[in-house]
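*Asks:* The lines below spell out each chain.
Number of protein chains: 2
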Amino acid sequence: MTFFNEQPITAADKTFFELRKDIVEGDIQAGSKLSETELSTKYQVSRAVIREAINRLESCHLVERKANVGARVVALSPEGLIELYQVRESLEGMAARLAAKNMSDSEIADLNSLLNRHFDEVQSGESYYQEAGDVDFHYRIILGSKNKHLISVLIDGMYHLIRMYRVQLGMAGPRVTTAFDEHKHIVKAISNRDEELAEMLMRRHIMYSKANIETKLETQGS
Amino acid sequence: MTFFNEQPITAADKTFFELRKDIVEGDIQAGSKLSETELSTKYQVSRAVIREAINRLESCHLVERKANVGARVVALSPEGLIELYQVRESLEGMAARLAAKNMSDSEIADLNSLLNRHFDEVQSGESYYQEAGDVDFHYRIILGSKNKHLISVLIDGMYHLIRMYRVQLGMAGPRVTTAFDEHKHIVKAISNRDEELAEMLMRRHIMYSKANIETKLETQGS
DNA sequence: TGAGCTTATATTGTCGACAATAAATCGAAA
DNA sequence: TTTCGATTTATTGTCGACAATATAAGCTCA
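In order, the protein sequence lines correspond to chains X and F. Per the working numbering, residue 343 is the first one in the first sequence, and the count goes up by one each step. Per the working numbering, residue 343 is the first one in the second sequence, and the count goes up by one each step.
Identical copies go unnamed one by one, so any copy, or any two together, can satisfy a pair.
Below, in silico cross-link-like pairs of lysine-lysine (DSS-like), each with a Cα-Cα straight-line distance of 25 Å or less:
{"no.": "1", "residue 1": "Lys-443", "residue 2": "Lys-558"}
{"no.": "2", "residue 1": "Lys-488", "residue 2": "Lys-443"}
{"no.": "3", "residue 1": "Lys-490", "residue 2": "Lys-443"}
{"no.": "4", "residue 1": "Lys-384", "residue 2": "Lys-356"}
{"no.": "5", "residue 1": "Lys-375", "residue 2": "Lys-408"}
{"no.": "6", "residue 1": "Lys-408", "residue 2": "Lys-356"}
{"no.": "7", "residue 1": "Lys-526", "residue 2": "Lys-488"}
{"no.": "8", "residue 1": "Lys-363", "residue 2": "Lys-408"}
{"no.": "9", "residue 1": "Lys-558", "residue 2": "Lys-490"}
Note that these hints are calculated values from the structure, not bench results.
Sequences are here, hints too, so could you generate the full structure?
*Replies:* Pasting the structure below:
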C-alpha cells in the first residue's frame, strides 16, 4: 500500500510519526499523560522536538493540551466515535459528490480495477486486506474530490483518529460483502457522473458502518 | 460580540492571536514569507514562541510550512475560496441537521430573539452589524450541533480563513434581506426539529452565498 | 559566455539551561 | 481530624546559542 508520501525530513517529523503510530496502535494508552521530559529520553530527542510533535498531534485531534499543565492522549468514547462518524458522513459524502465531478476517466477506471482486485481477495478469503482495502477505497475518493481543504481535513484531521478507534476498539468487523456492494454502487454513480447519487450512497454507506459499530458497542459493552 | 472565550495564557497564545489577527486583516500580506527572526524582534518574543505560533497558524490553514525553508501566509485564490465553501456547505449543513436534533428549546428561543434583533437592525439600516450578525447566527448553529469535532473543524480550522477571505476580498456584500429570510427559514426548520429540511436549507443558504461571491469575483476580477 | 561546481550567507532546526506556573507535600490552626 | 495555607517539587514555558540545511553569490573551466 503506497499510501501517504509522508516521509520524515526533520527530527520533529520522525518523532511525530513515531508518536502518532504508538498512540494510534495503543502502545501509548488512550487518556494517558504525555510527559515531555519522559518522551524526550524515550525517543532520544530534545524537548523542543517533542513539543513540536505534540503540537502536531493536537492538530490531528489525537492529544489535548492544556496550558501550563500538559498534554494527554484523547480518551476514546462511544459518543466520540459517533460524533466522528457524523462529520465523516458529511465530509465523505461531499467528497463523493466532488469526485463524481472532478475525477478523470482514467482515475475512475483505476478505482474500478481496485474494486475488482478486492472482489478476488474477498472471494479467496484474504480477510487480511479487508481494512486496508476499505481505507484505500475511501482514500481514493477523498483524493478524487480534488479539494485540498477537504482532503486536508479528512486525511490530516480525522483519518488517524478513526484508525485509532478501529484498532483499539477492535473494529475489523464483518460487513465485508455488503460493504463491497456499496462500494460498487458508489463507483457506478461516480462513473455516471451522478453527483447527487454518489453523495447519497456514500453517506448511507458511512451511516450503515456507523450503525454497525453502534450495535457492536452495545453488545460488547466497550 | 462576546464570541470566543479564547483568552491568551502563555506568550505563545498571545503571539498566536496577534499574528492571526494581522494575517486575517491583511497587515501581513497574503502569500508573504514569515521570517522567524524578523517576527521575534517585531513581537518581542523568542523564536521558540514564534515557532509555536506559526505551527498553530498552520493548523488553521492560515500559513503553509516547508521543512528547512520556512512558512508563508497562504495565497488567496478564487479556487481556494470555492473549495472552502464546498467544505463549509457540507459541514454547516450537518451542523444544522444536528442542531435540529440537539439544541435545547431555550437555545432555539435565544436564536429566534437574535434573529428579531437582526431584523430591527436591518430595518433601521445599521448595516454595520450585518457581517457580525451573520457570523453570530452561523456560530450559534455550529455550537448547537453539540458535536465537538464538528465545532473544532469549523471554528478552529475554517472560520478564520473564511474571515480572511471576507476581509481581504471585501465581501461585506449586500444579500442582506434575502440572507435574513433564509436564516429565518432555517431556524423554523430547527424549531420544528426537521433535521432533513434544516440541513437542506443551510446547504442552499451557503450555496447561494457562494454563488453570490462567484459573480462578484467575476465582475470585479478579484 | 554560460554551465556546473564551490563557497559564503542567511534561515530554519535542535539543543540545554533557566524562569514561571501548577500540583503535591507538609504543617499549623481550628 | 480536617481544612486552610505555605513551601516544596515537578512540569511546562521561554530563552539564547549552536548545528544543519537551503539559497545566493562567486569562481572555474569548457
